[in-house]
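Colleague: Listed below are the residues making up each chain.
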Amino acid sequence: MDERTSAVELKGITKTFPGVVANDDINLTVEPSEIHAVVGENGAGKSTLMKILYGMLRPDGGEISVNGRVAHFRSPKDAIGAGIGMVHQHFMLATNLTVLENVVLGSEPAHAGVIDFDEAADRIRELSRTYGVPLDPERLVEDLAVGERQRVEILKVLYRGARILILDEPTAALVPQEVEELFRNLRELRERGVTIIFISHKLDEVLAIADSITVIRDGHTVATVKPQAVTARQLAELMVGSELPTPETRESTVTDVVVLSVRDLGVRVADRWALRNVTFDIRRGEIVGIAGVEGNGQRELVDALMGLLSPQEGLIRLGDADITRWSPRKRREAGIGYVPEDRHLRGLLLPSPLWENSMLGYQTMVPFSSGPWVNKGGAHKRTDDVIHEYNVITPGPDTSALALSGGNQQKLIVGREMVAEPKVLIAAHPTRGIDVGAQAAVWEHIRRARAAGLALLLISADLEELIGLSDTLHVILRGTLVAKLDPATVTPEVLGSYMTGAREAASA
Amino acid sequence: MNARVKIALLWLLVPVSAIVLALAVSSLVLIIIGENPLTAFRSMVSYGTQPNSLASMVNRAVPLYVAGLAVAVGFKMNLFNIGVEGQYRLAALLAAAAGAAVSLPAPLHVAFIMLVAMVVGAFWAGIAGVLRVKRGVHEVVSTIMLNFIATGIGAYLLANFLRKPRLPNELIIQTRQIPPSGHLSPLTVVGGEDLRSFVLIAVVLGIAVYVLIWRTRFGYDLRASGINPEAARASGVDPGRMIVTTMLISGAVAGLIGMTDLFGFFHAYTLDFPTGLGFDGIAVALVGLNHPAGIAIAALLFGWVDRAAQILDLEGIPKEVIIITKGVIILSVVIAYEVVRRIVQAQEIKAAAEETRKLEEKREAVPA
Chain A
1 MDERTSAVEL
11 KGITKTFPGV
21 VANDDINLTV
31 EPSEIHAVVG
41 ENGAGKSTLM
51 KILYGMLRPD
61 GGEISVNGRV
71 AHFRSPKDAI
81 GAGIGMVHQH
91 FMLATNLTVL
101 ENVVLGSEPA
111 HAGVIDFDEA
121 ADRIRELSRT
131 YGVPLDPERL
141 VEDLAVGERQ
151 RVEILKVLYR
161 GARILILDEP
171 TAALVPQEVE
181 ELFRNLRELR
191 ERGVTIIFIS
201 HKLDEVLAIA
211 DSITVIRDGH
221 TVATVKPQAV
231 TARQLAELMV
241 GSELPTPETR
251 ESTVTDVVVL
261 SVRDLGVRVA
271 DRWALRNVTF
281 DIRRGEIVGI
291 AGVEGNGQRE
301 LVDALMGLLS
311 PQEGLIRLGD
321 ADITRWSPRK
331 RREAGIGYVP
341 EDRHLRGLLL
351 PSPLWENSML
361 GYQTMVPFSS
371 GPWVNKGGAH
381 KRTDDVIHEY
391 NVITPGPDTS
401 ALALSGGNQQ
411 KLIVGREMVA
421 EPKVLIAAHP
431 TRGIDVGAQA
441 AVWEHIRRAR
451 AAGLALLLIS
461 ADLEELIGLS
471 DTLHVILRGT
481 LVAKLDPATV
491 TPEVLGSYMT
501 GAREAASA
Chain B
509 MNARVKIALL
519 WLLVPVSAIV
529 LALAVSSLVL
539 IIIGENPLTA
549 FRSMVSYGTQ
559 PNSLASMVNR
569 AVPLYVAGLA
579 VAVGFKMNLF
589 NIGVEGQYRL
599 AALLAAAAGA
609 AVSLPAPLHV
619 AFIMLVAMVV
629 GAFWAGIAGV
639 LRVKRGVHEV
649 VSTIMLNFIA
659 TGIGAYLLAN
669 FLRKPRLPNE
679 LIIQTRQIPP
689 SGHLSPLTVV
699 GGEDLRSFVL
709 IAVVLGIAVY
719 VLIWRTRFGY
729 DLRASGINPE
739 AARASGVDPG
749 RMIVTTMLIS
759 GAVAGLIGMT
769 DLFGFFHAYT
779 LDFPTGLGFD
789 GIAVALVGLN
799 HPAGIAIAAL
809 LFGWVDRAAQ
819 ILDLEGIPKE
829 VIIITKGVII
839 LSVVIAYEVV
849 RRIVQAQEIK
859 AAAEETRKLE
869 EKREAVPA
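Residue numbers (this note's numbering), protein chains in the order written: chain A, 1 to 508; chain B, 509 to 876.
In case anyone wonders, no lab produced these hints; they're calculated from the structure. These numbers come from a predicted model, not from an experiment. One or more hints might be untrue.
[To be verified] Keeping only pairs whose Cα atoms sit at most 25 Å apart, straight-line, the calculated SDA-like set for lysine to any residue is:
#, chain 1, residue 1, chain 2, residue 2
1, A, K381, A, R325
2, A, K330, B, T724
3, A, K376, B, L692
4, A, K51, A, I80
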């Protein structure tokens with residue numbers, strides 16, 4: 001190590017808590033004015049580490065130094081005081097307020113209890129000039145695009161005097177073009193002396209932006225490398241400790257039999273068409289992928305297909321039956337499976353045992369019930385099957401779902417839906433938050449079910465997963481399907497340009 | 509299993525700590541008002557353990573138990589039926605009037621009165637359910653309002669239509685007497701105190717509620733809706749229908765609260781009919797952790813405390829002290845339950861994590 005004092009130095013950080021991968025002897029040195037990436041799989045301990053650095057969690061052992069001084073953070077307030085700011089993955093913005101109001105929220109410059117908005121606006125303009133983060137303080141946040149909202153978050157922490165920024169998965173909600181924009185901003189910030197800790201699991205992005213990269217696996221720091229010295233593949237192997245799988249499906253199993261057919265579907269939410277003129281078919285053995293930036297109607301599409309929202313226009317047919325007005329239960333019983341986007345919100349009964357969770361959505365069907373009675377034995381047996389086939393790591397079907405790690409919860413949900421052998425599966429982000437090994441296993445199960453005739457609607461933010469698995473790929477933008485692409489030829493960049501509307505129509 | 513014993517002992521801490529705390533606070537209050545707590549407790553125990561007191565305890569516990577069940581059915585899906593009070597009083601009035609108006613063979617007569625009571629209770633609670641589903645009125649607000657309305661309607665009906673023609677010099681306002689075919693004779697008489705037979709029906713009712721909530725598909729839907737309404741809806745549960753059905757069941761059970769007094773004591777609806785049972789039911793359900801077995805224990809405890817407190821007047825101690833005791837029991841059970849629940853949950857997560865680690869080690873040892 002050279003003579004300069006490091007911006008941040010973590011020595012032997014250890015944190016244990018039950019059920020979650022802990023930090024075990026983490027060592028990390030971040031030089032001033034560098035972009036330092038911390039990479040690792042979901043659940044490797046990145047978030048825990050950053051929460052410790054930001055004062056949200058206290059380590060059981062180890063030492064944190066900031067600019068050469070040992071720090072003991074008891075709350076984020078202490079961390080902010082030491083010049084550390086955090087840009088969260090999920091934006092914490094009041095959308096009905098202006099940029100200015102959001103930035104000053106919580107640290108308003110006041111004279112005798114009256115907020116001095118002019119002073120604040122001046123400071124914000126100055127900050128955005130100095131750091132090259134263009135933003136108009138008077139605009140409403142709800143009118144801003146995702147990338148601009150992120151800039152508001154960055155400005156928020158700069159406004160509070162932070163010179164060390166932690167960005168937690170900053171590109172998760174961005175399309176490729178916005179990522180480029182973000183990277184330009186980050187490089188600008190670096191030139192002005194800001195230190196950036198960039199948390200991600202997207203290796204190509206990390207290789208493009210970082211000055212150094214620290215890899216975390218199973219709560220340990222595995223290595224710190226320079227991006228020039230490694231390939232994406234080597235980095236992935238460091239992260240996983242083994243080979244990286246790919247989501248490609250092999251030969252086509254698409255048949256002529258249309259299982260689910262959607263015609264001119266339109267859904268209004270609060271006086272606005274959240275979904276309009278949506279038409280597509282899914283055939284037996286076909287995977288239809290829907291690509292789109294979050295919030296472009298995917299949720300409404302899923303809800304309309306599951307019967308959780310009733311459409312104002314259009315038709316949904318399952319086989320020969322018009323199911324547009326069917327209740328969710330009737331659709332379930334007719335063979336529509338559902339992997340929800342948010343497993344805690346819609347997928348699980350957290351305090352209940354696994355066997356009760358594996359009957360969720362199937363409670364009216366064999367083997368979970370007979371007549372009005374719950375068949376506890378049948379449910380246990382089926383749960384055992386799901387646990388074994390999908391490799392859910394758990395003591396047994398009587399454990400409560402909240403004792404499982406996120407990845408295992410996801411495997412339970414995917415397993416529950418797949419083992420029931422639905423005709424159609426509506427899957428939103430089926431591999432979100434699970435480790436690479438489990439992801440490969442889920443992909444394999446999907447391929448096998450597809451070969452056996454499953455019709456799958458796949459909604460995912462993972463463009464590689466979409467391109468790799470889908471037989472047909474639609475792009476959704478502002479509630480309509482704007483392009484139909486061939487996954488065999490499309491690249492993530494082209495897909496991204498359709499998703500943002502940069503490129504239009506001209507179906508491939 | 510060591511871990512299981514440990515968890516069972518932890519759960520035992522809930523009632524034990526509640527009772528200890530209740531005794532401590534009551535003692536403090538007694539000391540403050542210048543009474544000797546030991547004397548008070550000693551006389552309560554010696555009076556409360558007499559055979560006739562035990563029979564009275566059970567008699568007092570039965571309506572509390574039924575009220576607790578009615579509240580718990582709603583609680584299990586996060587519905588707060590605060591209207592049990594109004595539901596049971598209206599049900600008791602109309603069931604008594606209907607029972608007096610018909611003549612039927614003995615078992616049928618009793619069954620008919622119970623049926624009327626359940627239908628009236630269900631109807632009154634169902635109003636709140638429909639308002640919640642159709643108009644988004646929260647059931648806490650509507651059931652409280654419906655309690656007032658029930659009182660008003662009940663008084664109006666009793667005074668104008670259902671009242672027994674008054675004999676000269678008779679002051680009491682009540683419905684006509686139900687003929688003996690609509691009575692339930694006591695199970696047995698203990699030390700001069702009837703042990704009323706409705707206790708048997710209450711036991712059956714408790715088992716029925718248990719089976720309904722923990723063993724049927726409907727109960728699964730109900731509990732799922734209580735734990736995670738969004739997930740339940742996505743799984744095919746119709747939330748509106750579930751709310752109405754649950755309110756109907758809760759109200760039907762509430763309708764039976766007054767039956768033990770009607771069949772075994774008053775044989776008519778009178779203005780002396782006990783009030784406040786619906787609200788006591790909320791406390792009993794809370795203390796009993798919404799489980800029929802727990803509610804039984806809580807109802808017996810409250811029944812005993814009520815009975816044993818009668819002696820305090822003779823000792824010159826205000827028996828209102830006992831209200832404080834009950835209040836402390838309720839509060840400490842709720843708090844202790846939450847604390848123990850968290851500890852048990854943490855233990856469970858720890859055990860699962862431990863198990864997971866072992867399984868993973870085993871898996872790593874075997875080459876994939």
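Colleague: Confirm or reject each hint.
Modeller: Hints, one by one, checked against the model:
A distance of roughly 34 Å separates the Cα atoms of K381/A and R325/A; the hinted pair therefore is violated under the 25 Å criterion. For the hint pairing K330/A with T724/B, the CA-to-CA distance comes to about 19 Å; that is within 25 Å, so the pair holds. The suggested pairing of K376/A with L692/B is violated, with an alpha-carbon distance near 39 Å, which exceeds 25 Å. The suggested pairing of K51/A with I80/A holds, with an alpha-carbon distance near 13 Å, which does not exceed 25 Å.
Hints 1 and 3, counting from the list given before, are not met by this structure.
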